[in-house]
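Colleague: The chain contents come next:
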Amino acid sequence: MKVLVCISHVPDTTSKINFTNNNTEFDKNGVQFVINPYDEFGLTRAVWLKEKQGASVTVLNVGTAETEPTLRKALAIGADEAIRVDAEPTDAFFVAQQIAAVAKEGEYDLIIAGRESIDYNGGQVGGMVAALLKWPFINACVGMEIEGDKASFTREIDGGKEKLSAPLPFVIGGQKGLVEESDLRIPNMRGIMQARKKPLAVKEAVDAEAKTKVGDFAKPEPKGAVTMVDADNMEELVKLLHEKAKVI
Amino acid sequence: MATTETPTKNFLKGGEFIIKESSADSVFIPEDFSEEQNMMAQATTDFIDKEVAPQRERFEQKDYGFTEELMKKAGELGLLGISVPEEYDGLGMGFNTSMLVCDRISGISGSLSTAYGAHTGIGTLPILLYGNEEQRKKYLPKLATGEWMGAYCLTEPGAGSDANSGKTKAELIDDGKNYKINGQKIWISNAGFADVFTVFARIEDDKYLTGFIVEKGTEGMSFGEEENKLGIRASSTRQVFFNDCVIPAENLLGERNGGFKIAMNSLNYGRIKLAVACLDAARRVTTHSVSYANERKQFGTSISSFGAIQQKLAEMTTKTWVAESATYRAGQDIENNIERLLAEGVSPSEAKLKGVEEYAIECALLKVLGSEVGSYVSDEGVQIFGGMGYSADAPMEAAYRDVRIARIYEGTNEINRMHSVAMLLKKALKGELDLMQPAMQVADELMEIPSFDTADYSVLFTEEKEMISKFKKALLMVAGKAVQKYGMDIEDEQELLMNASDMMIEIYATESAVLRAEKLAQTKGEEAAAHQINMAKLYLNNAAENIARSGREAIYSFAEGDEQRMMLMGLKRFSKISNPINLKEVRRSIAAKVIEENKYCF
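One line per chain: the protein sequences are A and B, in this order.
Residues in the first sequence are numbered from 1 upward in steps of one, following our numbering.
Residues in the second sequence are numbered from 1 upward in steps of one, following our numbering.
There's no promise every hint is true.
As the list claims (entries may be wrong) - Computed spacing ranges between beta-carbons, pair by pair:
(1) Glu235(A) / Glu69(B): 54 to 60 Å
(2) Asp49(B) / Glu235(A): 47 to 53 Å
(3) Asp49(B) / Asn22(A): 34 to 40 Å
(4) Val31(A) / Ser458(B): 31 to 37 Å
(5) Ile157(A) / Gly307(B): 54 to 60 Å
Everything labelled a hint here was simulated from the structure, so no lab data went into it.
These figures come from a predicted structure and were not determined experimentally.
Yeah, the Cβ is synthetic: ideal placement off N, Cα and C, and Gly gets one too.
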């Protein structure tokens, strides 16, 4: 069983988000990057497949050389090999075409992507890859079991869960539930040292067009100061809502 | 084994920083760590944040089992075998990598820090460095993976700082097949869960102690109750009693009479490791303090908007950053020295011993610096938290109690201060370090009219570098005259030794900070390194005051009349900053950065 896990290289959740170049570019200065948390659940599930069902795990990123530390971390956690498609990930469709090209060439049995990446939260890549490959796609996947050439899934739907099955090969958009937070692995020191020796192939991007273009970004207005009003002083509250906040 | 490409152009010997200048490209700075080293550090921090932090109150409830459980998990992650060679199931990483992991594992609680330090340091190192092949094969793989825990029995009720006065006896019996050990050891870290004990005892009336390996469960070995301690409450600390405890003769470690050497050399390791073990606690306390100051509202605003609080945050941040700069600089010097000795064909254990021993002075100075910065930071952390700082419900209280031990163990700070100067003087006497020539030059300089040339102060750190070289002159002047006066009897002038040591600490710390900021400015540009430049300048200003005060105290204690007047003038010349900076603004700017980031961010 050959598993391809898509790894996005995203800012750490505690990062301060700023933009440069007239708010058209994300400011990477001082930002620490991590494996996209949704992808990390999928990566851990893939490592289980390796340990329990003898799968081989390849991690894939579409990005420039600066994403390699993130791929090496995935190797340290337990992936067998890594591929980086050397290109700026301009939009979801561009990235999806790159992933589909790698998947075709490598004859993978399944692709695990995250439900979305926590940087731009597009949530489109997994579905697009499945469409390009004409494979089934299970999004918001919280459970996956594989037996032979069939797989059963649990996915989260509004207000409940849905169980479904599909033949291999397929694509999932994974999230928490695939494994639990406590299952996520801290790479051990030996894993980190071995990561250095595992293959990390750099591939040229295939010709592909981006369908969208970023205009600019805007941050929400900062929260204003809070004024505390005594619970017994209704008059004051009404006055402030009327005169200062101007909401009534 | 090598982990980073390390610049080693101007290799300085141990203690040589006092008489020679270093350049920015010759020092290691934490920003030089490789991706792999950073990944190891991050994995260690993740382990602490995910597995330890949510349950940290268990340490305060004296849950020794928790500490043991965490040590086992640390073993599974490979954190216990960083510097153990691969042939003994360790990772065989270099010295500064072992420092980095020790740093990151130690910040959450003194209990875990002590257990880790005792196990990987004094619990494992004596066997690694002095054990024969059979002993290494038998014990190291288990210690490196955490299957077994290690402890070290040196201190006795009547033998603390004066370790060689221990009364524990070892007697060769059964026609030389076994040793019988009798005695009492006290303050033994990890005693409650350790499997392997390195025990020091005297054979017959030997001049020095001898080391032995004793396994848990050996008949005649018993333990006292857990000690009630001010801090590090879940670090197991017990007495260990040996009552006709018989061990095989092959468990003798190293050579007969060689135990004191083992103890002392392990201490060099222990001291610099303790320095690094204080860093992450200081970072975490600073982060807690910043975030509390941002949240806590008084007089209608966050207390972080007040200058009085900002001043504290800036000093906490700066001292932490400076201690880090100094500690990793020395750590890499040690690693490079070990590599150099290995390249010369010295055996691995000998290279590790000599590699560290060369920098014994720095190790002692850093132990004092790290533990005192840790104490300062936790004290101010409590102050920023105000009433909540005094409450056991907030993290400051435990941090404050835990860090207190750092000034006591691995040699008290007083012992380390005196030891650092004594070692320096011995190096000079042995001709390993020429202090005489530079001290005479300084004496001559005092008689001359000071130069009125002004340097180009627009170049970054021109004045600061001038000041560092003057600080060195101040030390050489004071120490030189003192040695002239007292000869080797200077060892009885403990107050004077402590003054000299304080000057040495400030010199090493300031120089490390300035060189780090300069190296950062060279690689990232002055604007991107602005905060680091400010921290180096702030620290230098504080150091100038401290050096002047220590120097004055020393001069008052032994010089009189014209000589005193001349020395005081010299001291003023060597510690006076010609272009003062606005310290208030510098502190505010450093504070603004950590307040904005809501954490220690350097």
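Colleague: Next, verify each hint and record whether it holds.
Modeller: Consistency of the hints with the structure:
1. Glu235(A) / Glu69(B): 54 to 60 Å: This hint holds: roughly 59 Å between Cβ atoms.
2. Asp49(B) / Glu235(A): 47 to 53 Å: The hint (47 to 53 Å, Cβ to Cβ) holds, given that Asp49(B) and Glu235(A) are roughly 48 Å apart.
3. Asp49(B) / Asn22(A): 34 to 40 Å: At 37 Å between Cβs, range holds.
4. Val31(A) / Ser458(B): 31 to 37 Å: 33 Å, holds
5. Ile157(A) / Gly307(B): 54 to 60 Å: 55 Å, holds
Every hint, counting from the list given before, is met by this structure.
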